[in-house]
Amino acid sequence: MVGDGLTISREEEEEEEERSLAPLPSSGRHHRRKSSASAASRDGFPNPAHVRHLSRTETERLASSQRELADSNSRIVFIGDPGGSDPRFEIPRNSIRTAKYSPITFLPRNLFEQFRRLSYIYFLAIVILNQLPQLAVFGRGASALPLAFVLLVTAVKDAYEDWRRHRSDRIENNRAASVLDPQSGRFLSKRWKEARVGEVLKVLANESIPCDMVLLATSDPTGVAYIQTINLDGESNLKTRYAKQETMARPPGEDHPVDSAGVIRCEQPNRNIYGFLGNMEVDGKRVSLGPANIILRGCELKNTAWVIGVAVYTGSETKVMLNSSGAPSKRSRLETRMNRETLLLSAILIALCSVVAICNGIWLGNHSDDLELAQFFRKRDYSDGDDKKYNYSGIGTQVFFAFLMSVIVFQIMIPISLYISMELVRLGQAYFMVRDANLYDESSNSRFQCRALNINEDLGQIKYVFSDKTGTLTENKMEFQCASIRGVDYSGGRVSSRDNGEAHYILAAGKHILKPKMSVKTDPELVRLLKNKGDTEQGKRAREFFLALACCNTIVPLVVDTSDPKQKLIDYQGESPDEQALAYAAASYGFVLIERTSGHIIIDILGNRQRYDVLGLHEFDSDRKRMSVIVCGPDKTINLFVKGADNSMFGIIQNKVDLSMIDATKANLHAYSSLGLRTLVVGMRELSRKEFEEWQSAYENANTSLMGRGKLLRAVASNVERELHILGASGIEDKLQEGVPEAIESMRQAGIKVWVLTGDKQETAISIGFSCKLLTEAMTQIVINCNSEESCRNKLQDAVAMYRKFAVISPDPFENALTGTGSTKVSMALIIDGISLVYILKTKLEEELFKVATACDVVLCCRVAPLQKAGIVSLIKSRTEDMTLAIGDGANDVSMIQTADVGIGISGQEGRQAVMASDFAMGQFRFLVPLLLVHGHWNYQRMAYMILYNFYRNAVFVFILFWYVLYTAYTLTTAITEWSTVLYSIVYTALPTIVVGVLDKDLSRKTLMKYPQLYRSGQRDERYNLKLFTLTMMDAVWQSVATFYIPYLAYRQSTVDGSSLGDLWILAVVILVNIHLATDVFRWYWITHVAVWGCIVATLICVIIIDCIWTLPGYWAIFKIMGTGLFWLCLLGVIVAGMLPHFSVKALKEYLMPSDIQIAREMDKFRRMNAATMEIQMNRFSTLQL
Amino acid sequence: MNVPTADPALEADAAVERKKKSKKPKYSRFTQQELPACKPLLTPTIVISTFALIGILFIPIGLASLSASENVVEIVYRYDTECIPQQSQDDKVAFIQSSATDKTCRTTLTVPKNMKAPVHIYYELYNFYQNHRRYVKNRNDKQLRSKEYELETTNCAPEATTVDGSPIVPCGLIAWSLFNDTYSFAIQNKAIEVNKKNIAWQSDKDEKFGSDVYPKNFQQGGLIGGAKLNESIPLSEQEDLIVWMRTAALPQFRKLYGRIETDLVANEQISVTIQNNYNTYSFEGEKKLVLSTTSWIGGKNDFLGVAYLTVGSLCLFLALAFIVLYLLKPRTLGDPSYLSWNRNPDRH
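Sequence order for the protein chains is R and D.
Under numbering that gives the first Met the number 0, the residue at position 576 of the first sequence is numbered 575, and the numbers go up by one with no gaps.
Under numbering that gives the first Met the number 0, the residue at position 275 of the second sequence is numbered 274, and the numbers go up by one with no gaps.
FYI, nobody ran anything at the bench for these hints, they're computed from the structure.
Possibly wrong hints are sitting among the right ones.
What the hints assert, rightly or not - Label-pair restraints from in silico Cβ distances: (1) R:Pro107 to D:Asn154: 42 to 48 angstroms; (2) D:Thr272 to R:Phe148: 20 to 26 angstroms; (3) R:Val1036 to D:Ser66: 32 to 38 angstroms; (4) D:Val92 to R:Thr396: 41 to 47 angstroms; (5) R:Arg139 to D:Ser66: 48 to 54 angstroms.
Said to hold, decoys possible - Here are the simulated DSS-like cross-link-like pairs (lysine-lysine), alpha carbons at most 25 angstroms apart as the crow flies: (6) D:Lys196 to R:Lys1148; (7) R:Lys378 to D:Lys22; (8) D:Lys115 to D:Lys328; (9) D:Lys195 to D:Lys112; (10) D:Lys136 to R:Lys1145; (11) D:Lys215 to R:Lys1005; (12) D:Lys146 to D:Lys136; (13) R:Lys476 to D:Lys215; (14) R:Lys1009 to D:Lys115; (15) R:Lys476 to R:Lys539; (16) R:Lys378 to D:Lys196; (17) R:Lys476 to R:Lys301; (18) D:Lys287 to R:Lys516; (19) D:Lys91 to R:Lys1005; (20) D:Lys22 to R:Lys476; (21) D:Lys146 to D:Lys91; (22) R:Lys530 to R:Lys378; (23) D:Lys328 to R:Lys1164; (24) R:Lys378 to D:Lys299; (25) D:Lys227 to R:Lys1164; (26) D:Lys136 to R:Lys378; (27) R:Lys710 to R:Lys243; (28) R:Lys462 to R:Lys710; (29) D:Lys115 to D:Lys287; (30) R:Lys462 to R:Lys1164; (31) D:Lys22 to R:Lys516; (32) R:Lys1145 to D:Lys23; (33) D:Lys38 to R:Lys1005; (34) D:Lys115 to R:Lys1148; (35) R:Lys476 to R:Lys567; (36) R:Lys476 to R:Lys710.
What the hints assert, rightly or not - Some chain R residues well away from chain D (every beta-carbon gap over 10 angstroms; in silico): (37) Leu131; (38) Glu280; (39) Asp1056; (40) Cys1129.
Where a beta carbon is used, it is the ideal one built from N, C-alpha and C, also for glycine.
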């Protein structure tokens, strides 16, 4: 199975068709590459499941190759004739538009988008209600202010973002492209946005490709072009694309006017960037086109002087544009919970309004006789002598009006400012996460990215982490570790010191020094052997081994300049990381591949530059599981070099060789794979002239045949790859990322279950599981790899039985294993493969699997397809309340990332697809620990408190208004001025909660990292739950009672006027809620002080300003009332009486029932003191010693 | 380990490159959330001293305000029923509405204790909703302030204009319902002078009520709400109106009527003559006459003193309770053995 991953790039012809059938567009390829690449390790066990899997894909492949492009469903492009393109479909030009709005549509569209939030509709309805004269509680301006403010802030933000999009669109659309002018046959410069389907374009080296085009010709005589797709999928290595020989011959241009140009039929535009299906008619010949023949917008042309192509998809129909949809918007758990409480608050609101309305009706009924004359009511209008009623239309209507008016007055029970505060707080939190130096990845120079701005707080409640393996747990950087040559193991490099044999890979090339970009530590013995000029048999074999590694690949060496003009670097570009690792290894041992053209390669062998003609290359395919090249060396010998998976290689060796060497090699291979290395076997055979000639004619026949070329080539390869001498084997390490075992251990302690979902084989998965400490020897492994539903059911039932058995021993095996303290701990690991999942997911067995999986500490899923990954995530998501997080780096993880509550993309080796689909992106798996344990914890804690506080804050205020209404004959008068009512939640009390929401930390980073268990408070919803909400609301009611009734009783039967008392109330409530916040703040920064105390001062200033406006009834009231002692006594009394229950309960609870967080806070505070005293003692000790 | 190392020269290059465009976040205490901070904890000391401090602070304040309230001498006399002649008790509204009846009402009040000047005279209304929504907005501050806005009568209906459409100044229900009972006092048939100057806020006189605004068409409608105004005196000097128009917060309120600038001696008999004009009978209102001295805490009100004493003693009690709690159930703060995962190893 070795070597699966070597040359995938070359199997495009047939494979791409399969890919285009992949369930998720664009995901198939990555999965394939990864699964096959990772298959190249630790094998030797037959795996029936795997075989089945392959044969199934085989049938799919057959089916897909029979697929025909239906004429009705295809796009017809006339090369060089943009006008003649298919008239059935309207084809856009090449201009793109990512901006959402235009200046004219901005206002309506933006408003429409904003009002999709239900709560805004509510606030709008209230503003509208308030405009009715009968109901006008507030001034018209005042009532619209909060909503207008919120809408404005959002609109400004949207406008700015859209302006930036407009700007980048404009730049993009106005770039220059050279387009063939059919009349003159010359390439003229045009703007990108004017390019049309059917036009012939020319792209020069290092230029971006303006639209999706089919290659017609390239500067390379064989029709090869190299492109870099970094903007498309983030892969930085070069990919090869081919122009068809039929069009290569006469590229359109000056020499070949396009009058006889051909017709292309291709698929309608779709978003599969790895698939393309079409054919081209040139000179009556029909040529089929695949993904290897098109170059896509967004890519860059590299290493190729020019290409000429015909545009097939333009503008918004290009694959990159079709793929540019953003990540789906998610809503955080806390926000969902919050909506539940919002409903509760609405119920309270309605209750309050009903009370007011009913009391109003009763009052009117009781006083119906009195009100004719009561001076303050004046039911009757006598002004023009008639006996008509003034502003009164019966009790029923009055009650109805009273209800609506009370809704208007009490509207802030639903806090509008909370929505905007939450956005701001999340912005602040995101700022700190992005700026966190601990989340910065040095190696890829990438910061943390917050792509979704509304689920920050979910990071604090994660219970399940679904992780991809390759590229996520491992670096996906293959490293050559061991070589076994003729059965002799050379693993010295693994243990040797860092400095040895540096001289090998520095070579003079004219004035320059060339170096491979990466080097491997070498085994000194092997180096010595190679230096001994290959006198011995062993030395000869070693040289051949490395020669094979250097030439049996598809690596393209690129010479890169460095800052030192005398030095140049060789960068090996290839699609398989294994091949790169082998080529670098060969280079380190002095076999440096310097140049590759289509016909030959140049290898520097220990200082001698030698040219090898590449006569033939048999690409990798999944049947043979090997690749081979036939080269003609400088000594004119023709050699066949083969490398491949061990089981495929041992079948084709020469029988005569000594068996002990084979056995030794096999033993070495087994040793390597048990170390978790990926193994490959290398062999060679010298071809005789005759053999070569036979092969050559067969190869050329196969290559030129039009039908079943792939099959013929495979047959030719199998024919020549026989009777090999085994040169040796290599061991490549798929290195674990830094800190992965520690990170997994931390998460395990934090109560987070880590599931690994990988495309790898079971053995590889298990070995990686051990090396990253996910699995331990003490665990009971439950392995499920079945081929039928029946056996799956049996296995699952066994597993359930086992789980029950353990459950008897310890009631909660899950908790038990997590804490790792119980002596009776029985931990189980479930290992399940993709085939079994096919039988389990979406059937009745799902429930059983769920039971078993949740009982196990560790779940490893191997050989899973991308959609199965998503299926497993939704298995958990649909059955539990627990939060899920998916982390991955490849396109095959996209579906999983989008399904999970939180999706994290690793911005690493593989493409950017995962990052594009993710909510957060970061450079390393281990960052997950600070992200969840520190930032997640903080974010959750902050946001939870902020929501509760906002509810409380507004409820206190509403209740104060309500109590007052009870003393106004239920007529919704407010003593507090309408301006203060409006400003209360958006100015008087808004800033401190935002500052606290952004900055407050309950625990230090150090403590949170040291005690991962603290993370569980988030999983248990400790900071936001119905109980806390109820308690907070009760507190709010008490505080409103204190705030209202202390001044009420103190000022009853006094001369006080409404405005003065209103001022007292508003000041009292603002100070009270700010003090309430102050008692809950964990850490006081200077900013917090400024915000909290500043807000109180700001409120006072606002109240003073309002009372300096003579048109308002409260003119000068604040000065009058502040001049009295009673005012200050009331204020003090309100604050103390209001805070008393909150403070006492808090003190009591923190002392008697301390939460983990509380204990840790105390430790945080006192440990530092302890550490300080320790230090003093230590110092004393050391001075004594001196 | 056989780690492939990047070439040292390359590393140097990379370092240069990194310096040029490294995205590494710049370190600052702010961005790393490491600003110096104070971390208050509710330690036993803090809790106990907070409660004790509040207790120690509140009890004296409570005592002081109680004594201040004690020292206030207050005479309250409810006259709305008593000032209706016996024969009209059944139909008080008719009595008060009639222009023919004599509404003079005499009574004698005894001064309970010495009352130092100034003695404030208040009228107190009960069940009169000056904060009723229909009422409280029924005024026009522009019109009150300046002559040029004389025609401005928005919000004033139904007392905005006369039948022929000319504006009422001051318009609106509040002004219309101006209180019109009057009081005069005498001790041993010697009239006591009631100072009615400066009973309104100076700020109201200066800014809210214009000195060039004279009453017009006031109280001319079909229904008389209350007092009439002297049309030759500008609004800024109509202090009764200004006091009345500063609408009360609660349905039971007092309004300053005037001051007696002489001391009243204990057991002195004050004969009061009340012109009982104002109709509170139609809505079960009450009218009281109040003579009161003042203190730093305002009028007579024990509530605040009692409240402070209650809160203060509660805090002292809580301080004691917490002391007992801390003694009975000592807990070392920050002891890791209290952490949930350490507390119950068997269970977990």
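Now for the hints, and whether the structure bears them out:
1. Under the hint 42 to 48 angstroms, the C-beta atoms of Pro107 of chain R and Asn154 of chain D, about 36 angstroms apart, miss the expected range.
2. Restraint check, Thr272 of chain D to Phe148 of chain R: a C-beta distance of roughly 58 angstroms breaks the suggested window 20 to 26 angstroms.
3. Against the hinted window of 32 to 38 angstroms, the Cβ-Cβ separation of Val1036 of chain R and Ser66 of chain D comes to about 33 angstroms, which satisfies the hint.
4. Judged by the Cβ atoms, the range 41 to 47 angstroms given for Val92 of chain D and Thr396 of chain R is violated: they are separated by roughly 27 angstroms.
5. For the pair Arg139 of chain R and Ser66 of chain D, the beta carbons lie near 50 angstroms from each other, so the given range of 48 to 54 angstroms is met.
6. Our distance criterion of 25 angstroms between C-alpha atoms is broken by Lys196 of chain D and Lys1148 of chain R, whose separation comes to about 58 angstroms.
7. Distance check on the hinted pair: Lys378 of chain R and Lys22 of chain D sit about 73 angstroms apart at the alpha-carbon level, beyond 25 angstroms; violated.
8. For a cut-off of 25 angstroms, the pair hint linking Lys115 of chain D to Lys328 of chain D is broken: about 57 angstroms separates their Cα positions.
9. Note on Lys195 of chain D and Lys112 of chain D: the hinted pairing holds, with a Cα-Cα distance of about 24 angstroms set against a maximum of 25 angstroms.
10. Our distance criterion of 25 angstroms between C-alpha atoms is broken by Lys136 of chain D and Lys1145 of chain R, whose separation comes to about 44 angstroms.
11. Using a Cα cut-off of 25 angstroms, the hinted pair Lys215 of chain D and Lys1005 of chain R is violated, with the two alpha carbons roughly 78 angstroms apart.
12. Taking the CA atoms of Lys146 of chain D and Lys136 of chain D, the gap is near 20 angstroms; set against the 25 angstroms cutoff, the hint holds.
13. A threshold of 25 angstroms between alpha carbons decides the hint, and for Lys476 of chain R with Lys215 of chain D the separation of about 95 angstroms lies outside it, so the pair is violated.
14. Distance restraint check for Lys1009 of chain R and Lys115 of chain D: the Cα-Cα separation of roughly 72 angstroms exceeds the 25 angstroms cut-off, and the hinted pair is therefore not satisfied.
15. Between Lys476 of chain R and Lys539 of chain R the alpha-carbon distance is near 30 angstroms, which puts this suggested pair outside the 25 angstroms criterion.
16. Taken as a hint, the Lys378 of chain R and Lys196 of chain D pair is broken in the structure, with Cα atoms around 35 angstroms apart against an allowance of 25 angstroms.
17. Between Lys476 of chain R and Lys301 of chain R the CA atoms are separated by roughly 23 angstroms; this keeps the pair inside 25 angstroms, and the hint holds.
18. Simply put, Lys287 of chain D and Lys516 of chain R have alpha-carbon atoms about 100 angstroms apart, too far for the 25 angstroms limit, and the pair is violated.
19. Restraint check for Lys91 of chain D and Lys1005 of chain R: the C-alpha separation of about 80 angstroms exceeds 25 angstroms, so the hint is violated.
20. For a cut-off of 25 angstroms, the pair hint linking Lys22 of chain D to Lys476 of chain R stands: about 22 angstroms separates their Cα positions.
21. In summary, the hint linking Lys146 of chain D to Lys91 of chain D is not supported, as the alpha carbons are separated by about 39 angstroms, beyond the 25 angstroms threshold.
22. Annotation: proposed proximity of Lys530 of chain R to Lys378 of chain R is violated, straight-line Cα distance about 115 angstroms (limit 25 angstroms).
23. Restraint check for Lys328 of chain D and Lys1164 of chain R: the C-alpha separation of about 21 angstroms stays at or below 25 angstroms, so the hint holds.
24. The hinted pair formed by Lys378 of chain R and Lys299 of chain D fails the criterion: a straight-line CA distance of about 36 angstroms is larger than 25 angstroms.
25. The straight-line distance between the Cα atoms of Lys227 of chain D and Lys1164 of chain R is roughly 72 angstroms, outside the 25 angstroms bound, and the hint therefore fails.
26. With a CA separation close to 15 angstroms, the supplied pair Lys136 of chain D and Lys378 of chain R stays within the 25 angstroms bound.
27. As the CA atoms of Lys710 of chain R and Lys243 of chain R are separated by approximately 20 angstroms, the hinted pair is consistent with the 25 angstroms bound.
28. Distance check on the hinted pair: Lys462 of chain R and Lys710 of chain R sit about 49 angstroms apart at the alpha-carbon level, beyond 25 angstroms; violated.
29. The straight-line distance between the Cα atoms of Lys115 of chain D and Lys287 of chain D is roughly 21 angstroms, inside the 25 angstroms bound, and the hint therefore holds.
30. As the CA atoms of Lys462 of chain R and Lys1164 of chain R are separated by approximately 29 angstroms, the hinted pair breaks the 25 angstroms bound.
31. At roughly 23 angstroms between alpha-carbon atoms, Lys22 of chain D and Lys516 of chain R fall within 25 angstroms of each other, so this suggested pair holds.
32. This hinted pair does not check out: Lys1145 of chain R and Lys23 of chain D have alpha carbons roughly 41 angstroms apart, beyond 25 angstroms.
33. Restraint check for Lys38 of chain D and Lys1005 of chain R: satisfied, since their Cα atoms lie roughly 15 angstroms apart, inside the 25 angstroms limit.
34. A distance of roughly 53 angstroms separates the Cα atoms of Lys115 of chain D and Lys1148 of chain R; the hinted pair therefore is violated under the 25 angstroms criterion.
35. Taken as a hint, the Lys476 of chain R and Lys567 of chain R pair is honoured in the structure, with Cα atoms around 22 angstroms apart against an allowance of 25 angstroms.
36. The straight-line distance between the Cα atoms of Lys476 of chain R and Lys710 of chain R is roughly 32 angstroms, outside the 25 angstroms bound, and the hint therefore fails.
37. With 10 angstroms as the threshold on Cβ separation, the claim that Leu131 of chain R sits away from chain D holds: the shortest Cβ distance comes to roughly 14 angstroms.
38. For Glu280 of chain R, the condition that its CB be more than 10 angstroms from all CB atoms of chain D holds, with the nearest at approximately 49 angstroms.
39. With a cut of 10 angstroms on Cβ distances, Asp1056 of chain R falls inside the contact zone with chain D, its closest approach being about 4 angstroms.
40. Consistency note on Cys1129 of chain R: stated as away from chain D, yet its beta-carbon is not over 10 angstroms from all of that chain's, at 7 angstroms minimum.
The earlier numbered hints that this structure contradicts are 1, 2, 4, 6, 7, 8, 10, 11, 13, 14, 15, 16, 18, 19, 21, 22, 24, 25, 28, 30, 32, 34, 36, 39, 40.
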